[in-house]
Amino acid sequence: MAVEADVPAATAVRAGGRRFRVLAAGIPYLSGGLLLLLIVAAVFGDALTPHDPTLLNLRAAFMPPAWVEGGSWAHPLGADNLGRDILARIISGARVSLVVALWAIVLSGGIGALVGMIAGYFGGWADVIIMRLVDIQMSIPSLALALILAAVLDPGLDTVIIVIVVSYWAWYARLVRSEVLSLKERDYVALAKVAGCGPFTIFHRHLAPNIVNTMLVLATLQIGQVIIFEASLSFLGLGVQSPDISWGLMLADARGYITNAWWAITMPGVAIMLTCLSSNLFGDWLRDALDPRRRQL
Amino acid sequence: MLLEVRGLKKHFPVGSGLLGPSGLVKAVDGVSFGVEEGKTYALVGESGCGKTTVAKLILLLERPTAGEVLYRGTSVAGLSGSALGFFRREVQAVFQDPFSSLNPRLRVRSIIAEPIRANENIGRAELDRRIEEALDIVGLPKGAGALFPHEFSGGQRQRIAIARALAMRPKAMVLDEPTSALDVSIRAQILNLLSDIQDEFGVAYLIIAHDLALVEHFSHDTGVMYLGAMVEQGPTETVFGNPQHPYTEALLASAPRPDPDHRPTPDVILGEIGSALNPPSGCRFHPRCPHAFGPCAGTDPAPVDTGPGAWARCHLLTENAMEKAE
Numbered sequence: 001m002a003v004e005a006d007v008p009a010a011t012a013v014r015a016g017g018r019r020f021r022v023l024a025a026g027i028p029y030l031s032g033g034l035l036l037l038l039i040v041a042a043v044f045g046d047a048l049t050p051h052d053p054t055l056l057n058l059r060a061a062f063m064p065p066a067w068v069e070g071g072s073w074a075h076p077l078g079a080d081n082l083g084r085d086i087l088a089r090i091i092s093g094a095r096v097s098l099v100v101a102l103w104a105i106v107l108s109g110g111i112g113a114l115v116g117m118i119a120g121y122f123g124g125w126a127d128v129i130i131m132r133l134v135d136i137q138m139s140i141p142s143l144a145l146a147l148i149l150a151a152v153l154d155p156g157l158d159t160v161i162i163v164i165v166v167s168y169w170a171w172y173a174r175l176v177r178s179e180v181l182s183l184k185e186r187d188y189v190a191l192a193k194v195a196g197c198g199p200f201t202i203f204h205r206h207l208a209p210n211i212v213n214t215m216l217v218l219a220t221l222q223i224g225q226v227i228i229f230e231a232s233l234s235f236l237g238l239g240v241q242s243p244d245i246s247w248g249l250m251l252a253d254a255r256g257y258i259t260n261a262w263w264a265i266t267m268p269g270v271a272i273m274l275t276c277l278s279s280n281l282f283g284d285w286l287r288d289a290l291d292p293r294r295r296q297l
Numbered sequence: 001m002l003l004e005v006r007g008l009k010k011h012f013p014v015g016s017g018l019l020g021p022s023g024l025v026k027a028v029d030g031v032s033f034g035v036e037e038g039k040t041y042a043l044v045g046e047s048g049c050g051k052t053t054v055a056k057l058i059l060l061l062e063r064p065t066a067g068e069v070l071y072r073g074t075s076v077a078g079l080s081g082s083a084l085g086f087f088r089r090e091v092q093a094v095f096q097d098p099f100s101s102l103n104p105r106l107r108v109r110s111i112i113a114e115p116i117r118a119n120e121n122i123g124r125a126e127l128d129r130r131i132e133e134a135l136d137i138v139g140l141p142k143g144a145g146a147l148f149p150h151e152f153s154g155g156q157r158q159r160i161a162i163a164r165a166l167a168m169r170p171k172a173m174v175l176d177e178p179t180s181a182l183d184v185s186i187r188a189q190i191l192n193l194l195s196d197i198q199d200e201f202g203v204a205y206l207i208i209a210h211d212l213a214l215v216e217h218f219s220h221d222t223g224v225m226y227l228g229a230m231v232e233q234g235p236t237e238t239v240f241g242n243p244q245h246p247y248t249e250a251l252l253a254s255a256p257r258p259d260p261d262h263r264p265t266p267d268v269i270l271g272e273i274g275s276a277l278n279p280p281s282g283c284r285f286h287p288r289c290p291h292a293f294g295p296c297a298g299t300d301p302a303p304v305d306t307g308p309g310a311w312a313r314c315h316l317l318t319e320n321a322m323e324k325a326e
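Protein sequences, first through last, are from chains A and B.
Letter by letter, the first sequence follows residues 1 to 297 in UniProt numbering.
Letter by letter, the second sequence follows residues 1 to 326 in UniProt numbering.
Please keep in mind that the hints were generated in silico from the structure rather than gathered at the bench.
Note that the structure is predicted; figures quoted are calculated from it, not measured.
Hints may be right or wrong, so weigh each one.
What the hints assert, rightly or not - Computed list of lysine-lysine pairs in BS3-like fashion (alpha-carbon distance at most 25 Å, straight line):
| id | chain 1 | residue 1 | chain 2 | residue 2 |
| --- | --- | --- | --- | --- |
| 1 | B | K171 | A | K193 |
| 2 | A | K184 | B | K56 |
| 3 | B | K9 | B | K56 |
| 4 | B | K9 | A | K184 |
| 5 | B | K324 | A | K193 |
| 6 | B | K56 | B | K171 |
| 7 | B | K39 | B | K142 |
| 8 | A | K193 | B | K56 |
| 9 | B | K56 | B | K39 |
What the hints assert, rightly or not - Here are some chain A residues the structure puts well away from chain B; computed CB gaps all over 10 Å:
| id | residue |
| --- | --- |
| 10 | A42 |
| 11 | A47 |
| 12 | L55 |
| 13 | S72 |
| 14 | N81 |
| 15 | G110 |
| 16 | R132 |
| 17 | M138 |
| 18 | I148 |
| 19 | D154 |
| 20 | T159 |
| 21 | L191 |
| 22 | V194 |
| 23 | H206 |
| 24 | P209 |
| 25 | W262 |
Stated by the list, open to error - Chain B is faced by these chain A residues, among others (derived, beta-carbon under 10 Å):
| id | residue |
| --- | --- |
| 26 | P28 |
| 27 | R186 |
| 28 | D187 |
| 29 | R205 |
| 30 | R287 |
Ideal placement from N, C-alpha and C gives every residue a C-beta, glycine not left out.
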């Protein structure tokens with residue numbers, strides 16, 4: 001501190017700026033690392049934990065995390081009302097979150113992008129019909145839709161994915177359509193037509209690469225939303241059913257004991273928060289990294 | 001005639017009510033001219049007169065409402081398959097804005113290769129040779145192919161756009177304001193390049209411009225457009241040396257000249273360009289014309305010969321011609 005006081009203020013500010021830049025440069029590694037950890041947990045899951053995530057052990061019921069008095073390193077993040085290891089359950093639940101997020105994003109993104117490109121590029125009746133469908137879709141609250149669908153279909157992982165795809169495709173369709181509307185007026189698209197390129201070539205060479213950026217940003221933002229949506233559905237009992245494990249289900253199970261076992265509901269909550277935050281930060285970084293105009297900056 | 005346009009019209013519907021469009025913008029309303037092989041035809045006129053729409057119609061980016069575009073004597077309207085491919089190979093284009101005409105996500109070599117890949121099936125070595133050749137003609141180093149468009153200046157980007165068009169070894173090029181987005185110092189370079197290319201490869205140009213000084217030195221024939229219609233056309237020396245239509249006169253008088261003693265005549269043209277949605281009756285130019293008289297508001301004047309290969313549409317000329325005949 002004494003040394004810093006001697007340097008002129010401007011240098012101190014510059015040093016602060018550098019420290020901030022170093023911190024900012026670390027964000028993609030930090031968030032990417034967390035996502036990687038999630039993937040490893042999802043793939044190898046049960047092999048990583050000393051405990052079976054579904055094993056009941058009533059002697060360990062409500063055991064607090066290791067750093068709290070009464071806790072033990074046998075259950076680093078504590079145990080829930082039935083004595084199940086919370087860390088093991090979070091690792092095991094990662095698979096559900098990741099599977100739901102991936103399928104939901106890929107399917108809704110794929111359907112939305114295709115439909116949006118058709119609406120934007122060809123216009124006319126295709127555009128009118130598709131966009132009115134989008135409007136109808138967007139006017140239905142997704143939770144209400146989820147309740148109906150879950151009642152019709154059996155609750156479970158498939159239903160969760162279907163519900164999310166049905167509620168989210170319209171966002172992509174609308175986004176891609178507006179992007180295509182502006183892109184197709186660019187001179188390079190006109191020149192591609194003059195050069196004799198067909199619609200397919202124009203789609204994949206001129207439209208798709210320029211849409212990927214915005215899609216990527218929306219997708220990474222939605223990974224977070226989708227994980228929360230899955231958690232909400234499972235919390236309401238419409239999604240993943242016990243004894244399968246999901247972060248949302250863990251929240252629902254622990255809700256009753258929030259006053260005497262805060263860790264049982266906090267730990268899966270923190271897992272959800274960190275995953276969403278990482279995917280958002282990583283998406284922002286990815287967008288800049290993929291843009292050749294920003295690559296040098 | 002390599003490229004010919006006959007009675008070309010393009011009307012855009014505007015507004016959409018229950019009973020259909022509420023009006024028509026007559027962007028191009030009966031334009032005819034021809035571009036000869038290896039020569040340059042310039043289309044001039046102020047903004048909004050329909051020059052660029054003519055270019056789009058020729059390049060088949062828009063469908064004409066009426067009239068036709070002929071290439072080597074054949075109408076290009078219904079072309080498909082190999083006949084369309086032939087037209088696409090021989091006719092290329094360079095647009096005004098070199099920042100919007102190059103896809104920022106593609107490397108320069110892919111940009112130049114695009115028309116070749118779309119039309120020809122050639123090996124990688126041959127493709128590379130063609131790209132290098134095109135870059136060499138426009139004066140860019142071989143290494144430029146590996147870079148992205150944002151790594152070049154405006155003038156260099158326009159060279160890339162020209163290289164792309166040239167790589168197809170076209171017979172005709174549509175140049176839509178190829179220099180207006182560039183710095184004045186770069187314009188001359190690009191024009192010299194274009195004119196060298198014409199000398200060497202015999203490419204015909206249709207150049208669309210509002211810069212009259214450029215047109216005067218660059219083109220063999222000139223057509224002057226006003227509000228979607230041609231008002232005067234002919235060999236460039238005739239049109240510039242002895243303008244017959246009051247609009248051409250006014251355009252030439254308003255062009256800046258590098259002469260400190262020159263004082264432009266103030267207010268030769270009155271007011272703004274008319275609306276293409278509701279063009280003036282009779283001669284379209286009459287509300288702004290300093291010489292307007294009796295018949296101008298009533299009837300559209302017919303073209304009157306003003307020299308070899310030149311004509312203008314103006315009632316003053318019609319009257320003179322009638323007096324002579326009497």
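Taking the hints in turn, this is what the structure says about them:
no., hint, verdict
1, B/K171 <-> A/K193, "holds (18 Å)"
2, A/K184 <-> B/K56, "holds (15 Å)"
3, B/K9 <-> B/K56, "holds (12 Å)"
4, B/K9 <-> A/K184, "holds (24 Å)"
5, B/K324 <-> A/K193, "violated (51 Å)"
6, B/K56 <-> B/K171, "holds (18 Å)"
7, B/K39 <-> B/K142, "violated (30 Å)"
8, A/K193 <-> B/K56, "holds (11 Å)"
9, B/K56 <-> B/K39, "holds (20 Å)"
10, A42, "holds (32 Å)"
11, A47, "holds (42 Å)"
12, L55, "holds (52 Å)"
13, S72, "holds (55 Å)"
14, N81, "holds (54 Å)"
15, G110, "holds (21 Å)"
16, R132, "holds (16 Å)"
17, M138, "holds (24 Å)"
18, I148, "holds (36 Å)"
19, D154, "holds (45 Å)"
20, T159, "holds (39 Å)"
21, L191, "violated (6 Å)"
22, V194, "violated (5 Å)"
23, H206, "violated (6 Å)"
24, P209, "violated (5 Å)"
25, W262, "holds (50 Å)"
26, P28, "violated (21 Å)"
27, R186, "holds (5 Å)"
28, D187, "holds (4 Å)"
29, R205, "holds (7 Å)"
30, R287, "violated (13 Å)"
This entry does not satisfy hints 5, 7, 21, 22, 23, 24, 26, 30, going by the numbered hints stated previously.
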